[in-house]
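Enquirer: This is what each chain is made of:
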Amino acid sequence: MIIGRVYGSVVSTHKLEALVGYKFMLVQCIENGSLVDKFLVAVDIIGAGIGEDVIITRGSGARMALGKPDAPVDAAIVGILDEKQA
Amino acid sequence: MIIGRVYGSVVSTHKLEALVGYKFMLVQCIENGSLVDKFLVAVDIIGAGIGEDVIITRGSGARMALGKPDAPVDAAIVGILDEKQA
Amino acid sequence: MIIGRVYGSVVSTHKLEALVGYKFMLVQCIENGSLVDKFLVAVDIIGAGIGEDVIITRGSGARMALGKPDAPVDAAIVGILDEKQA
Amino acid sequence: MIIGRVYGSVVSTHKLEALVGYKFMLVQCIENGSLVDKFLVAVDIIGAGIGEDVIITRGSGARMALGKPDAPVDAAIVGILDEKQA
Amino acid sequence: MIIGRVYGSVVSTHKLEALVGYKFMLVQCIENGSLVDKFLVAVDIIGAGIGEDVIITRGSGARMALGKPDAPVDAAIVGILDEKQA
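So the sequence lines, in the order shown, correspond to chains A, F, U, G and S. First residue of the first sequence: 1165, per the working numbering; consecutive thereafter. First residue of the second sequence: 1165, per the working numbering; consecutive thereafter. First residue of the third sequence: 1165, per the working numbering; consecutive thereafter. First residue of the fourth sequence: 1165, per the working numbering; consecutive thereafter. First residue of the fifth sequence: 1165, per the working numbering; consecutive thereafter.
Chain A with its partners taken away, still in its complex shape (with noise of 0.2 Å):
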């Protein structure tokens, strides 16, 4: 997994069937406790909230962090750090 920060949310109203009702955020990497000029798109199902420090699943285990294994999605949220790590 990596480290990354809620940079903010991502608005399609134009998107596929399946990812309607997702949120979308996008996630600024952190790495050795830099931001780094890295960005990803990653499904929040856990609330997180900009600025917070999060980890994120990338691949099909994305996937499995939504319980859909035919979602089509590629990186979730799956924690909130408790410490800021940048």
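These aren't lab readings, by the way, just hints derived from the structure by calculation. Just to be clear, a hint being listed does not mean it is correct.
Because identical chains share one entry, a pair is satisfied inside a single copy or across any pair of copies.
[Said to hold, decoys possible] Simulated pairs of lysine-lysine, DSBU-like, Cα-Cα distance not exceeding 30 Å:
1) Lys1202 with Lys1187
2) Lys1232 with Lys1187
3) Lys1248 with Lys1179
4) Lys1187 with Lys1248
5) Lys1202 with Lys1179
Since the structure is predicted, the reported quantities are computational estimates derived from the model, not experimental observations.
With chain A held as given, fit chains F, U, G and S onto it using these hints.
Expert: The following block gives chains F, U, G and S in isolation, referenced to the frame of chain A:
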């Protein structure tokens, strides 16, 4: 997922039978509000136009986007962003 | 998927039994209209020739391309581009 | 798999129910005998200590390491190296 | 797949039960005919020797190489190249 801008279409007359009928778009990745020198080819099943900013699912999740678990693809456009990101 | 140019073939006499009969091509990646210093080996099942620009599917989708969900591969040439990209 | 050194633990009180009980370690990657500026979070199921060099399996194989094909993870520590690598 | 040169073996006495009996090799990646500063650990099931150039399958395909869909690995040596690549 990652964010990118649709750069153009990719035409391949000679391809696998399983890919016939799909539209392939060349997408330029966006990092931190800027277009970067990284491209990928994604299947478009939602009708994204050139110049639009989109969300792309990679890996096995792209097959889920197509609703074909055995499609030989690894990237699909799953949503069009309401606002430009770069 | 990514775009690359077929650079040459890769010969491996001593390989897994499951790979016997497949043709392995060394492909040089193309980014933004230029050949870059990144190579990968992809199974060729559509008869791509050296110097041709191709679409490559990576990951589990490559096994779908072969029609063998248990093939020990992670990249396959799935289409030949009509126009050169670099 | 990749090699890394266990840097510390990662605490997340608010996480997915499916992750409760697992120990998450922050691991610093090792390349060519040196610690590099790349980190990842891996589930530890073999009791690796801080400062130990470990083997990490990423992707769907990490779920196999946990013996839970539906665990929402993408990295797991699968072995502790007998000798330091950096 | 990627090409690399077998650099040495990796010894891990304390590892997951599912990995006992497998031989882990440290492989240095080759790009464009040169050894580069990128390493990975791959399971060797074909008897590759140190200094040999090999083809490596990564991801879930590595489990297929082992013939064990539930093996906790993500890279396997699947072929030895007839000619040195670097």
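Enquirer: Indicate, hint by hint, whether the structure satisfies it.
Expert: Verification of the supplied hints:
no.: 1; hint: Lys1202 with Lys1187; verdict: both (20 Å within a copy, 26 Å between copies)
no.: 2; hint: Lys1232 with Lys1187; verdict: both (15 Å within a copy, 24 Å between copies)
no.: 3; hint: Lys1248 with Lys1179; verdict: between (33 Å within a copy, 15 Å between copies)
no.: 4; hint: Lys1187 with Lys1248; verdict: both (22 Å within a copy, 18 Å between copies)
no.: 5; hint: Lys1202 with Lys1179; verdict: both (23 Å within a copy, 23 Å between copies)
In this structure, every one of the numbered hints holds.
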